[in-house]
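**Student:** Line by line, the protein sequences give chains X and F.
For what it's worth, the working numbering labels the leading residue of the first sequence as 12, then goes sequentially.
For what it's worth, the working numbering labels the leading residue of the second sequence as 12, then goes sequentially.
Incorrect hints may have been included.
A pair counts as met if it fits within one copy or between any two copies, since identical chains are not told apart.
Below, a list of computed lysine to any residue pairs in the SDA-like style, where the Cα atoms sit at most 25 angstroms apart [what the hints assert, rightly or not]:
| id | residue 1 | residue 2 |
| --- | --- | --- |
| 1 | Lys-295 | Met-263 |
| 2 | Lys-156 | Leu-230 |
| 3 | Lys-295 | Gln-256 |
| 4 | Lys-165 | Gly-80 |
| 5 | Lys-295 | Val-272 |
| 6 | Lys-295 | Val-94 |
| 7 | Lys-295 | Ala-266 |
| 8 | Lys-295 | Leu-234 |
| 9 | Lys-44 | Val-119 |
| 10 | Lys-295 | Glu-276 |
| 11 | Lys-47 | Glu-123 |
| 12 | Lys-211 | Asp-297 |
| 13 | Lys-47 | Phe-299 |
| 14 | Lys-239 | Lys-295 |
| 15 | Lys-44 | His-91 |
| 16 | Lys-72 | Ala-197 |
| 17 | Lys-215 | His-147 |
| 18 | Lys-295 | Ala-260 |
| 19 | Lys-165 | Asn-199 |
| 20 | Lys-47 | Ser-300 |
| 21 | Lys-165 | Asp-87 |
| 22 | Lys-295 | Ser-271 |
| 23 | Lys-295 | Asp-248 |
| 24 | Lys-239 | His-292 |
| 25 | Lys-295 | Thr-236 |
| 26 | Lys-156 | Gln-179 |
| 27 | Lys-43 | Gln-179 |
The set of hints was computed from the structure by calculation and includes no laboratory data.
There are 2 protein chains.
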Amino acid sequence: MNNNQLVECVPNFSEGRRPEVVEAIVDCFRGKKGVKLLDYSCDTDHNRMVITAAGQPGAMKAAVVDAIGVAVERIDLRQHQGVHPRLGAADVIPFIPLRNMTMQEAVVLAKEVGHAAAERFGLPVYLYEAAATASHRTNLADVRKGGFEGLALKMQDQAWQPDFGPSQPHPTAGATIIGARPFLIAYNILLNSNDLDAAKAIAKAIRFSSGGLPACKALGLRLDTQEKVQVSINLTDITQTTLPQVFDAVCMEAATRGISVAGSELIGLMPLQALVDTTAHYLKLDDFSIDRVLEHTLWE
Amino acid sequence: MNNNQLVECVPNFSEGRRPEVVEAIVDCFRGKKGVKLLDYSCDTDHNRMVITAAGQPGAMKAAVVDAIGVAVERIDLRQHQGVHPRLGAADVIPFIPLRNMTMQEAVVLAKEVGHAAAERFGLPVYLYEAAATASHRTNLADVRKGGFEGLALKMQDQAWQPDFGPSQPHPTAGATIIGARPFLIAYNILLNSNDLDAAKAIAKAIRFSSGGLPACKALGLRLDTQEKVQVSINLTDITQTTLPQVFDAVCMEAATRGISVAGSELIGLMPLQALVDTTAHYLKLDDFSIDRVLEHTLWE
Chain X
12 MNNNQLVECV
22 PNFSEGRRPE
32 VVEAIVDCFR
42 GKKGVKLLDY
52 SCDTDHNRMV
62 ITAAGQPGAM
72 KAAVVDAIGV
82 AVERIDLRQH
92 QGVHPRLGAA
102 DVIPFIPLRN
112 MTMQEAVVLA
122 KEVGHAAAER
132 FGLPVYLYEA
142 AATASHRTNL
152 ADVRKGGFEG
162 LALKMQDQAW
172 QPDFGPSQPH
182 PTAGATIIGA
192 RPFLIAYNIL
202 LNSNDLDAAK
212 AIAKAIRFSS
222 GGLPACKALG
232 LRLDTQEKVQ
242 VSINLTDITQ
252 TTLPQVFDAV
262 CMEAATRGIS
272 VAGSELIGLM
282 PLQALVDTTA
292 HYLKLDDFSI
302 DRVLEHTLWE
Chain F
12 MNNNQLVECV
22 PNFSEGRRPE
32 VVEAIVDCFR
42 GKKGVKLLDY
52 SCDTDHNRMV
62 ITAAGQPGAM
72 KAAVVDAIGV
82 AVERIDLRQH
92 QGVHPRLGAA
102 DVIPFIPLRN
112 MTMQEAVVLA
122 KEVGHAAAER
132 FGLPVYLYEA
142 AATASHRTNL
152 ADVRKGGFEG
162 LALKMQDQAW
172 QPDFGPSQPH
182 PTAGATIIGA
192 RPFLIAYNIL
202 LNSNDLDAAK
212 AIAKAIRFSS
222 GGLPACKALG
232 LRLDTQEKVQ
242 VSINLTDITQ
252 TTLPQVFDAV
262 CMEAATRGIS
272 VAGSELIGLM
282 PLQALVDTTA
292 HYLKLDDFSI
302 DRVLEHTLWE
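Go ahead and model the full structure; you've got the sequences and the hints to work with.
**Tutor:** So this is what it looks like as structure tokens:
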């Protein structure tokens with residue numbers, strides 16, 4: 012692999028409440044040669060953290076395997092509660108090729124990390140998205156279905172044998188889902204409402220799997236700390252559905268139910284193109300493109 | 012001056028209709044070592060062109076003086092018509108410090124260019140904004156007041172002697188206004204209306220000089236090619252007034268007059284921060300900042 016390759020990793024861990032555990036996991040990405048920690052955020056309601064890091068594939072692999080080790084050691088899913096679905100302590104670990112790297116090379120990296128994590132920590136590992144080894148394992152929601160609590164039963168099914176590691180859950184850390192995929196925007200819209208059914212109905216209306224917007228995944232969730240419900244969104248391809256299209260669709264679906272949008276939040280990072288789309292849409296800008304952004308033209 | 016200094020120059024020339032003249036001027040910024048042509052655009056109604064270039068101060072100086080020479084040679088303001096106010100063929104030439112450069116160093120560069128243009132082309136030059144030599148010459152609109160047609164009379168006034176060059180207008184090229192200033196967003200909002208008085212009233216309502224938004228300059232103009240009027244805006248400091256604030260203010264002022272906004276256009280470039288402001292505003296994004304833009308974190 013050449014040294015100019017750049018891969019992003021956005022691992023999700025099932026810990027968003029204990030700062031000492033959060034910091035121990037984040038530390039695996041700090042001050043490592045060849046790895047840059049770009050962002051991390053915790054959600055208390057989700058009881059979940061998301062790290063965004065970019066770097067060289069080899070250095071990233073070492074950092075991620077270390078972080079999985081910390082999660083396995085410090086998180087006990089038997090004690091874990093949170094509104095976000097999860098299968099394991101180190102729940103989902105996607106690799107995203109950013110520069111001089113093919114999706115196939117990101118798949119190889121995902122498999123190397125999965126193999127190492129299974130060997131070192133006795134962890135069952137499922138490969139998903141571009142790394143999936145069967146079509147029914149491609150979609151994250153399908154792999155995660157049943158959650159940690161249903162995992163032992165699920166793993167008795169021949170169709171759900173892991174790609175690496177033992178064929179029963181790790182007793183405290185469940186299983187880990189590792190894969191490769193294109194860049195994704197993780198984005199939550201908070202509603203001025205406590206009506207979980209409404210949030211679920213709005214999510215259903217906008218997500219592609221139930222006839223909504225292309226490349227849009229969505230869940231309705233309750234946030235106990237805010238006494239508000241939210242629509243939690245993954246936008247997997249902004250060339251198919253833009254961020255303002257998603258926001259406007261949620262506003263419209265909410266309005267028909269007499270609900271207004273309180274605000275929204277981005278998890279991790281968004282690409283410049285998403286800001287270009289949003290700016291052009293709301294300012295009704297003609298002929299606007301990424302080439303009109305000063306920093307982009309300078310950095311190009 | 013150190014080699015890592017980066018200055019932007021956004022020269023405005025009074026030619027937006029004859030492609031061969033436009034290209035001859037733009038060519039001064041093409042393929043020059045140390046200068047990068049970032050953008051250029053022509054407006055037929057304004058009969059004006061705006062170039063955006065960035066580069067090293069010395070290389071930029073040479074390119075800009077060449078371009079002034081082409082404008083003086085090829086543009087005859089006695090034949091020039093357009094809706095945008097102008098004083099000269101090479102009308103306004105601002106230098107904007109971008110990196111490793113102080114405003115005072117940009118002022119020195121503006122003065123060097125003004126001196127050279129006056130010497131080489133017999134052109135009167137006024138210094139404005141941070142380069143102004145008297146407070147009444149700071150504001151571009153004041154320096155340009157009266158236009159090319161009123162320049163001979165204006166220059167008889169002791170208060171309007173040029174900073175460089177002869178004390179009468181260049182017969183065909185008028186005078187040139189050169190200065191240094193912070194980054195500015197040039198932005199036009201097109202109205203679904205042919206009512207010039209309405210466009211002027213909206214411009215007056217939003218511009219700072221008549222009690223409107225801080226750091227906002229605005230003019231109401233008629234665009235003959237579109238049979239629509241526009242509000243032509245300069246936003247000189249987006250930390251004081253953001254782009255969405257300006258857009259919403261124009262929409263509101265227009266709505267009270269029964270007019271809707273047809274669209275908007277950016278002249279030149281906008282800084283990433285303007286896209287961040289716009290995205291955060293319309294998506295109601297909490298905790299959003301430039302550090303959440305993928306490319307920014309990578310390029311930093």
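**Student:** Against this structure, judge whether each hint is valid.
**Tutor:** Now for the hints, and whether the structure bears them out:
1. Lys-295 / Met-263: Both: 19 angstroms inside a chain and 15 angstroms across chains, each within 25 angstroms.
2. Lys-156 / Leu-230: within (13 angstroms within a copy, 59 angstroms between copies)
3. Lys-295 / Gln-256: Both ways: Lys-295 and Gln-256 sit 13 angstroms apart in one copy and 14 angstroms across, limit 25 angstroms.
4. Lys-165 / Gly-80: within (24 angstroms within a copy, 77 angstroms between copies)
5. Lys-295 / Val-272: Cα proximity of Lys-295 and Val-272: in one copy and across copies (22 angstroms, 9 angstroms).
6. Lys-295 / Val-94: Between copies, since 23 angstroms is at most 25 angstroms while 38 angstroms is not.
7. Lys-295 / Ala-266: both (23 angstroms within a copy, 16 angstroms between copies)
8. Lys-295 / Leu-234: between (34 angstroms within a copy, 18 angstroms between copies)
9. Lys-44 / Val-119: within (21 angstroms within a copy, 42 angstroms between copies)
10. Lys-295 / Glu-276: For Lys-295 and Glu-276, the Cα distance is within 25 angstroms both inside one copy (23 angstroms) and across copies (8 angstroms).
11. Lys-47 / Glu-123: Classified as within; 20 angstroms inside a copy, 43 angstroms across copies.
12. Lys-211 / Asp-297: So Lys-211 and Asp-297 pass the 25 angstroms test across copies only (22 angstroms; inside, 35 angstroms).
13. Lys-47 / Phe-299: between (31 angstroms within a copy, 20 angstroms between copies)
14. Lys-239 / Lys-295: Close across copies (16 angstroms), not inside one copy (32 angstroms); limit 25 angstroms.
15. Lys-44 / His-91: neither (33 angstroms within a copy, 60 angstroms between copies)
16. Lys-72 / Ala-197: within (23 angstroms within a copy, 46 angstroms between copies)
17. Lys-215 / His-147: Only inside one copy: Lys-215 and His-147 sit 21 angstroms apart there, 62 angstroms across copies, limit 25 angstroms.
18. Lys-295 / Ala-260: both (17 angstroms within a copy, 14 angstroms between copies)
19. Lys-165 / Asn-199: Neither way: Lys-165 and Asn-199 sit 29 angstroms apart in one copy and 59 angstroms across, limit 25 angstroms.
20. Lys-47 / Ser-300: The answer is between: 18 angstroms across copies meets 25 angstroms, while 28 angstroms in one copy does not.
21. Lys-165 / Asp-87: within (19 angstroms within a copy, 81 angstroms between copies)
22. Lys-295 / Ser-271: both (23 angstroms within a copy, 12 angstroms between copies)
23. Lys-295 / Asp-248: both (22 angstroms within a copy, 21 angstroms between copies)
24. Lys-239 / His-292: between (28 angstroms within a copy, 21 angstroms between copies)
25. Lys-295 / Thr-236: Close across copies (19 angstroms), not inside one copy (37 angstroms); limit 25 angstroms.
26. Lys-156 / Gln-179: For Lys-156 and Gln-179, only the intra-copy Cα distance (16 angstroms) is at most 25 angstroms; the inter-copy one is 81 angstroms.
27. Lys-43 / Gln-179: Cα proximity of Lys-43 and Gln-179: none, with 33 angstroms in one copy and 65 angstroms across.
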